[in-house]
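Enquirer: Protein chains in written order, with this note's numbering: chain P, 1 to 798; chain H, 1 to 290; chain S, 1 to 162.
Hint data in this document are derived by calculation from the structure and do not stem from the laboratory. Beta carbons are placed, not taken as given, at the ideal position from N, Cα and C, and that holds for glycine. Wrong hints could be hidden among the right ones.
Derived CB-CB ranges, DEER-like [what the hints assert, rightly or not]:
#1 72(P) to 15(S): 41 to 49 Å
#2 75(S) to 219(P): 42 to 50 Å
#3 88(H) to 122(S): 20 to 28 Å
#4 122(S) to 245(H): 38 to 46 Å
Partner residues aside, some chain P positions facing chain S, computed with beta carbon under 10 Å [what the hints assert, rightly or not]:
#5 27
#6 38
#7 41
#8 42
#9 84
#10 87
#11 126
#12 137
#13 183
#14 187
#15 288
#16 684
#17 720
#18 725
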Amino acid sequence: MAVQDIPSEDSWKNVGRSIPRREDAWLLTGKGCYVDDVPEPPNTLHLGFVLSPEAHARIVSIDTAEALALPGVVDVLTGDDIAELAQPIHTSFLLEGHRDTFRDAIAREKARFVGEAVAVVVAENPYVAEDGVERVFVSYETLPPAIDLESAARDDAPLVHEELGTNIVLESTFATDGLDEAFAGATQVIKETFRTGRIAGVPMEPRGCLATIDRAGEELTMWTATQIPNLVKTAVANLLDHPESSIRVITPDVGGGFGTKAHFYPEELVCPALALKYGRPVKWIQDRREEILTNIHAREHIYTVEAGIDADGVIVAMRCNMMANAGAYSSYPFGATLEAVGGVRFVLGPYHIRNYGFETRAVASHTCPAGAYRGTAQPTAMLAIEGMMDRIGRAIGVDPAEVRRRNLIKPDQLPYTTVVGMHYRTGSYSESLERALEMIDYSRLRSDQTADRLVDGKYRGIGICCYTENSGMGVAAVRARGWSAIPGFDGALVRVASDGKVKAFISHAACGQGYYTSFAQIVADQLGVHFEDVSIVVGDTGLTPEGSNTFASRGTVTGGGAAVRACLVVADKMKRIAADVMEVSADDIRIEDGVAMVQGVPDMSMTVREIAEVAYSKTPHAMPEGQDYGLEATDHYDAGMPTISNAVHVAAVAVDPDDGTVEVERYVVVHDCGRVINPMIVDGQVHGGAVQALGEVLMEELVYDEAGQLQNATLLEYLLPTAMDAPMMDVEHIQSITDENPGGFKGLGEGGVIGGVPALTNAIADALSGIGANVNVNPLRPSRIADIIDAALGTNSA
Amino acid sequence: MKPAPFEYVSPESEEEVLDLLHQHGDDARLLAGGQSLVPMLNLRIVQPEVIIDLGRCPSLAFISAENGTLVCGAMTRQMTAERSPAVRENCPLLAKALPYLGGTAHRNRGTVGGTLAHADRLAELPAVALALDAEFIARKSGSERMIAAADFFLTDLTTALEEGEMLHSIRLPRADGNHHTAFVEVGNRRHGFAIVGLAAALEIAADGTVAGARLAAMGVGAAPVRLHEAEQILVDGPAGDDTLRAAGEAAAQAIDPDDDIHASAVYRRRLTSTLVRRAVQEILGNEAGS
Amino acid sequence: MSFSKVEVRLTVNGTEYVRSVEPRYLLADFLRHELGLTGTHIGCEQGVCGACTVLLDGRTARSCLHFAVQVSGSEVTTIEGVSADESLKPIQDAFHHNHALQCGYCTPGFVMTTVEFLKDNPAPDEAAIRRGLTNNVCRCTGYVNIIKAVAEAADNMPGGEG
Ligand code: FES
Ligand code: FES
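All chains should be built: construct the whole structure from the sequences, respecting the hints.
Expert: Below, the structure written as structure tokens:
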């Protein structure tokens, strides 16, 4: 009997059920343990970073005397001091057109964005550390900065990295053969430029890090609020030249990540470097101002799309020119590739487009580095393509839902490979659209609309987004993106202990996704044990196998896949042991609810605990011939190329012309992430993402002035949606199971945002289309909406 | 974000407070409910040497009504005022505006005097005080004076209180229009800091027409602005939408707002006009309904 | 600068504590680091996010906006105290069954806010719930399930009246 690699359909018993989460037990009662809650070891030193108030400046001198004189301040270090301990943060890219940048953990010579650390104060407590920060006097020679995307891209812009000779840190082009001819065959070409504002993940827990060193000065342990403990471990090892096998990175509970925490940050290098230097624990907890100033930003994008269509509105050729503001430094481990490379690929969405070309650029600027925020470039890419669908509809006078129907990839075209090489194995593109339209009663909503869209004093509009979501990237996928610092696989160790209880150690980090529950559902089903008997360990490189961790909706596909595969090996061994003890064929054994039963012999059975006792030699019965003792398996699973989920969001909104505010009147989602592990958790991900999208469309924007000062680095001024802003929504599921991974799972962590941004923007655009307004920007704060209405109506002011 | 060190004193009588203020002058800051001051301390935007906590000085927390004039001690918690029958009875506009101040947790601790003396340009109560011609009772060691609302708010975060002077209480005189009031505001999200807010009190004649009007806007300048032209139009104009629109337009023209990252000046004018219409409609609508 | 410490006497979750801290020491830090009650979280230190919400003499307050010394002599209830109070169990149960938390960072603040809200509003409608929660920020859940949980908790609180 060979070990199967795909579980049987009827093995899924816990998977598919809305089991309330296990982690709630501690998170709801104040027993959560976020990094700042880890009991502080005696003698802990606390760090305070001196942040540059200049966007672009030469550091002329740093006077640390007054800070050093402060009681409780232990040391003050500059970039040069840190450079003796740690190499600059850098990864190389296996990608043509990518220009690598180097970032000193503490800036030397030059500061390149407001908020970049230029010195660090080491003190006995965090209050004194801040007192010290105020007493470090840095003199700067101000240099002209390059701030916004288009200015930074100009040839004469001030350079962020002089050695590169340009601010273009990534450029890439692509075209299918015969693209120009295809355009020539179009009946018309529609062109639009979409601009989106800079935003950020802003998890409720800022970052933080505690590093300790053992008494021999060798074993380094770090607690850090990250999504990528294994990647942090590798980075610290390389940059500190410390043996990787002597580093353990633990992510206790993490208070939200959203991609923000899927990057390696300078403080995660400075803390262990100083722990090694002083032989004392070193701790740093980020405050909200630092969080907004220095954690990865995202989404400052410009897309210019040209779509050549035929008389029916079918796209026959498309071009996309994209620019993304990459900020002052390439992020680790993604470089400047994340948004600019992703956007021009994702823009094809669920549509059948065979003639396509792109040009894309990532542009360095004197602003906070950009990188991953939930969805990465997908929300803006889908905004671009879905914006085009609506424009096609308006151009040829066809309902926008119908335009989508005509362009979607049809069921009989699956499996499908896009012209940029994305594989769509299974999906429900048309089916989910039709269901979503039905749920929102689309035809009635449309027929209720007037030509000017004005009903009861408000402009009313409907917005649709059909999208694909990239998930579960394996080795081939990360190589294709050029990422050399990410292994691509993930690992699971599944162990049945001698008491029959199960522990699964999985190379992911939990920051709210419910791993302690959903992974346990998978493991319980694939071992045939009770859900209650399974516990999950994640977020500790000292315990879990190697892997690539938690970003880009990888968890269920890569972690779930590894867990399934390890379980199947362990289950096979359990069957062999049971067969040997009961003297039957292993093929006749089925394990369910913690009991191994023999097919056709109802009174013959053995519990998993009894099997485990054999495996751990706790009974006289020896292991079967050829089987080793123990009952565990480790699997390193490579999911290969991305698995593609899909969904449809439809929003109905009302825009008040008197104050420019938007109300979401109805919101529906039809979501397809393959096999659903825990529907309640999936719905929660969709809700959360959709409300982040609402923030992105209606209020959020990080605004730099021309000098590079961030104008709203507090939660008072960077607005996040609250309970009064969030719409209620109806979410339904379609499950297009895939055979790309053992569980048939597809990732889903980012979908809510990806679908929400275009659906909401299109709904507002539709509402204002009756007065001839063209909406092609985000965010759409009331003031901007009022301006758009004024411009369309030719009115001004009150 | 941790505050710089300071010396802390918590006097238990008003005399002690005034003595300490006299002694420390501008080196000291009064801590009332702390809901505006502590964020600034945490950000180290202000770094006083001495914090004088008014929280243990019970004589500053009171509400009384004298012939319809509501007197509110500076240390009256906002939630206490919001729930006070005396406030609802004598100054409904204040009762209506209070729920817009932050959340319950803020109003449980924040004080009426604290938010007024802080004089944030986006705070609601200064507009209420201005609309109602409130009187501010200021005390310093050995003296007391009254400051009219129109003279109290100088600019953003700055009042007419002098060094060593403390806001003791405010008097909200009963205006005839006092019982026909509305407070409205609009922000970039449904609740939170407003872009523009408007406090309105109308005197409604027996025939249902507007006999007197008091309107004050916030968020349209560095201090709240009284909208006299719009008030006049409401009183003089015939009942109806045209008058409302004209009043709104007059209000929009009377202000000189700025552009910032949250909204344009043009939008602030539009919003002021909209809010004048909304507030008056709300009052007249309630009138009609009652 | 002065580092002189002051005595703070607080009754937290029914137990009296006396500690000596700097006057500038925030109540949030006092609870978390002096008393080890780390269920109270810090998300902004500006009073905006609500993660640090506690009950101060029975009413909600932002522990990041108070100095420990300023509230010396008061009674404080934190999430740890709520969790030990059987009569408040319906709130946490409803959060659990409605999946009203993801990362859990905002959750203690939401629970504390809900405790007071349901006392003040034993039978709230959806609009009232939204208003009651609007000064607490959650970045994960999109609020949908939190609103449902609070509605359910209202139904299940003992006596219907808090
Ligand atoms: S930490 Fe107190 S409100 Fe955010
Ligand atoms: S559950 Fe993560 S912030 Fe609310």
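Enquirer: Take the hints in turn and mark each one as holding or not.
Expert: We went through each hint and held it up to the structure:
1. 72(P) to 15(S): 41 to 49 Å: For residue 15(S) against residue 72(P), whose Cβ atoms are near 30 Å apart, the range 41 to 49 Å is violated.
2. 75(S) to 219(P): 42 to 50 Å: holds (44 Å)
3. 88(H) to 122(S): 20 to 28 Å: holds (21 Å)
4. 122(S) to 245(H): 38 to 46 Å: Holds: the Cβ-Cβ distance is about 43 Å, inside 38 to 46 Å.
5. 27: With Cβ-Cβ at 3 Å, under 10 Å, it holds.
6. 38: This interface hint holds because 9 Å falls under the 10 Å limit.
7. 41: violated (13 Å)
8. 42: Since the shortest Cβ distance to chain S is 14 Å, the answer is violated.
9. 84: Interface hint status for residue 84(P): violated (31 Å vs cutoff 10 Å).
10. 87: violated (32 Å)
11. 126: Holds: closest Cβ of chain S sits about 8 Å from residue 126(P), inside 10 Å.
12. 137: Hint violated; residue 137(P) Cβ to chain S Cβ min 17 Å, cut 10 Å.
13. 183: Violated - the Cβ of residue 183(P) stays beyond 10 Å from chain S, reaching only about 41 Å at its closest.
14. 187: violated (42 Å)
15. 288: holds (4 Å)
16. 684: holds (5 Å)
17. 720: holds (5 Å)
18. 725: Because about 8 Å separates residue 725(P) from the closest Cβ in chain S, which is inside the 10 Å limit, the hint holds.
Against the hints set out earlier in the document, violations occur for numbers 1, 7, 8, 9, 10, 12, 13, 14.
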